[in-house]
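Chain residues, written in single-letter form:
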Amino acid sequence: MSWAFFAICALIAMVFEVGLVDTVHILHIKPSVCAILATFIALSAPRITALWACLILGLLLDLSTDLSVGIARTLHLIGPHTLGYVFACYIVLQMRSTVFRRRALTIGAMTLLFAFSAMVITVTLYIVRSWYPEGPLYWAETSTFNEIMRRFFSAIYSGIMGVPIGWVLARSLPLWQFQTNLIRGRGVAWR
Amino acid sequence: MARKMSPSKQAFALALCVTAMLAVLPNRWLQPWTTDLAGIVNLPLTPFEDAGGRIKAWLRPIDDPIAGETEQVQKLIEDRDETLALYRAAQLKIDLLQEEIGQLQDAVRFHRGVTVTPIIAQVTGRSPGRAGGLLRLKAGTREGVVPGTVAVYRGVHIIGRITDDVGRLGSKLLPMTDRASGWVAGIVLSADDVAASVADAPHVDLYPQGDGTLTGEIERARDVHKGDVVQLSDYSWPDAAQGMMIGEIESISTKDDDPLRNLVVVRPHYLAADLNSVTLKIEQIELTQGGGEK
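Sequence lines, in order, name chains A and B.
Residue numbering for the first sequence is 1 to 191, as defined by this note's numbering.
Residue numbering for the second sequence is 1001 to 1294, as defined by this note's numbering.
There could be a bad hint or two in this list.
As the list claims (entries may be wrong) - Derived DEER-like restraints, expressed as beta-carbon distance ranges:
| no. | chain 1 | residue 1 | chain 2 | residue 2 | range |
| --- | --- | --- | --- | --- | --- |
| 1 | A | Met149 | B | Leu1037 | 29 to 35 Å |
| 2 | A | Phe145 | B | Thr1083 | 41 to 47 Å |
| 3 | A | Trp131 | B | Glu1078 | 44 to 50 Å |
| 4 | A | Ser2 | B | Ser1006 | 16 to 22 Å |
| 5 | A | Phe145 | B | Ser1006 | 39 to 45 Å |
| 6 | B | Val1024 | A | Gln177 | 50 to 56 Å |
| 7 | B | Tyr1207 | A | Trp167 | 43 to 49 Å |
Source of the hints: derived by calculation from the structure; they are not laboratory data.
Beta carbons are placed, not taken as given, at the ideal position from N, Cα and C, and that holds for glycine.
I would like the entire structure built from these sequences, with the hints used as guidance.
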């Protein structure tokens, strides 16, 4: 894979994730551009490359997520999104041999699965961290249940947005320079 | 014979183990260095976040009730609200000093030797994946921002306070409606009776619910109505914030387990999540020739 092109796409995805995605929010439910990018890489790249890329994307998200601990103290937790993205990538890797990987609809559907899988790990870690005796960790706006539902609908929204964005990413496939074990042809497959 | 893992897989396994370990470390072990690391990682994003914020402001402007008025009318409304807030802040300060030391101070611009410089700070980003949370601002120590600096909108509507994460070029704003912001005390005043005395105004302690509102309890005997305004009267906040608007009472209901008290729900006019810029009130303490505060 071209790590330089990955870096450029990761930068664009992070800019969208932190700022521009607010433009398309519906009742504070926002799609995750990073999840769409990570799903595309999980579907297209060799296994270990996909896992590394998802780990890096998750780490960038963790370092961009500002959490409040007590009054007016901030914390950056390394782990929730990083481990969530790696877990979600693993799930997609298990399923990718059964789907048409270059189709936009596939990318959209797998993005929903990816985002939901990552959410399970992320929320679990946040809940465990909120039990720590050092002080409350404010990771949910209202209640835990409401936050889980909001993230669930965000996963659905990400899946919907994954279709048009996935179409664009599929067209950019040659730029990624994904290495394969087989000669390129009609039936290209990655293990 | 078992296949040996490739170096890449070994490195990934190690990275995963380190991440899992970091995920469970106590906060005090993480806080100093992860903040610095986040600052380094987010530095390349800052110019793009600024451009992204401007694009977002153009694509999705905030729903401002006075935006449809002419510029002159907007300015008049802002001046009126700011004058009212200053007047009530002065009244609060007078009452406090009368109670503590029995003296009167100047009531027009009462900042006890503190002058306030307002600066406009662009909102450049938010935590990804969250509905609310901390906002990133394009203003830092270079502009005089310090932890605890108050952020307002339209001069008098409190948005929140700056957290301890202040860099040279940027800072983080904790919205007042975020649960991490904690309790805030205010006084309830009638929106129609601008000359109402603050001495008799009911006090209320509000707690953010995380859904854009704050709730508190007030004695049922106190005369409060839907639509009354709540202004800050909390000396855990800076002087520059006293008398500023917290919000408007949206609903009043009786507490089931305490019929002598009402539950009030207060909704701010402006929410941090909708804003593209805020005004930071930078306090500058004036020193006397002897070095003490004026």
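Item to check | Index of numbered hints that the structure contradicts, given in increasing order | outcome: 6
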